[in-house]
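Going down the list, the protein sequences come from chains A, B, C and D.
Residue numbering for the first sequence is 540 to 696, as defined by my numbering.
Residue numbering for the second sequence is 540 to 696, as defined by my numbering.
Residue numbering for the third sequence is 3 to 80, as defined by my numbering.
Residue numbering for the fourth sequence is 3 to 80, as defined by my numbering.
Keep in mind the hints are simulated off the structure, nothing from the lab.
There's no promise every hint is true.
[What the hints assert, rightly or not] Covered stretches of chain A, going by a simulated chain B footprint (3 or more residues, C-beta under 8 Å): (1) 553 to 562; (2) 570 to 582; (3) 632 to 644.
Glycine included, every Cβ here is placed at the ideal spot set by N, Cα and C.
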Amino acid sequence: MSRTAIVTAAIDVAAIVDEVRGAPQGAIVTFIGTVRNSSGTRTVTGLEYSVYAEMANREMTDILHEALALASGAEIVAVHRVGNLDVGEICVMIAASHAHRAAAFDACRYTIEGIKKRVPIWKRERYADGSTQWVAACSDTAQNAGNHAGEHAGEHA
Amino acid sequence: MSRTAIVTAAIDVAAIVDEVRGAPQGAIVTFIGTVRNSSGTRTVTGLEYSVYAEMANREMTDILHEALALASGAEIVAVHRVGNLDVGEICVMIAASHAHRAAAFDACRYTIEGIKKRVPIWKRERYADGSTQWVAACSDTAQNAGNHAGEHAGEHA
Amino acid sequence: MKVTVRVFASYADAVGSDRVTVNVGEPATVGGVRLAVAALSPNLPPRPLIAVNETYATDDVPIAEGDQVAVIPPVAGG
Amino acid sequence: MKVTVRVFASYADAVGSDRVTVNVGEPATVGGVRLAVAALSPNLPPRPLIAVNETYATDDVPIAEGDQVAVIPPVAGG
């Protein structure tokens, strides 16, 4: 069953793969984003994600439906974690299955690109010296027209 | 550490993801192929994979190096299972990590396409009535110029 | 018209709150909210992105009583 | 020259063995092996793919004593 979720607990990779692992679906493509340990020259110790939950859930559902329209017959699970994450932890996971691998790749890619561009989630980096800083988006989409910085600790484009 | 393998034991999804989950690598893309339950109109109960092991290992290593050249800085693990598999079991898994998701997608896609086209592995479908049949390749690449059939139970293009 | 606006992340730091009330000339529109919100802090961009009822909205969208209005910093999920 | 050729999968079924020895005119080449192997069974294609020393090889590649030669059915991994 396709679904989206915003969660605070750790993301279980194998469990999410199993959710889309139906017998008619021979191909599964997943995207997993983890917290990186560096941001430019600074050492990142973790990230704090915040979310506009009602809108994020609605936007993720929209993206899911668009991806399902793009890849008819796909099953997709998309989960984003929020709250405090340490370096190496998984912040986002998409699993998309389909009878054909090209469609599974397309569905997975479309979903992560949509999440990165449209879902109202923000992150603040924690540095080794105890300071924090909001991470600016990396892509120049319409809704990202505000501030803009370079490398940051989240996985980026 | 990037590596390839031909294995007979079950493929552990979470363990392979963890292998490529280095702190500088924020994006992980995986491809997982599973045994489907149908082939055209026939019900498939399982697949038997056979392999020209020495050549398959060499060819997978070549593909890995090509993918690493394509996506500099990637880490890639590619594992293909052979022997008898039941419906729903994982026959192949690629995990590719990179600082940037586009490169992780490219590395994963390149590797599975290469495996499908070039690695000397074959499969025989087992049907509900007890009969078996070799599965013809689905793509018209140079080395697949021999026989050719339509839908089959493996994940296909 | 008084419009209550939810504020998130760096913008909430800029205005010192996760919720602000701004005065917008009638008929109230998203364009009016943008200008009023931008005026709250020099650390906000001149035309911050607005969502109405959990959907990104353009300047011409009207604001009615009871609408959920939010100002959305550049998103940075993943 | 006698060349021993490994045979796999559906081709092994066709020839009834996973290893065959064929006679190839000298100088022995991949092209000669292809023709000799194809002649073993009507269920083999006229120009089956050949690998020499675990690498796909074209017709002009020479075959030397000790080379590992194999006939490769269309691959179907994944």
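Verification of the supplied hints:
Taking a C-beta to C-beta cut-off of 8 Å, the stretch 553 to 562 of chain A contributes 4 residues in contact with chain B, enough for the three needed, and the coverage statement holds. Counting residues of the stretch 570 to 582 of chain A whose beta carbon lies closer than 8 Å to any beta carbon of chain B gives 8, which meets the minimum of three for the stated coverage. Proximity of the stretch 632 to 644 of chain A to chain B, defined as three or more residues with a beta carbon under 8 Å from a beta carbon of that chain, is established by the 6 residues found.
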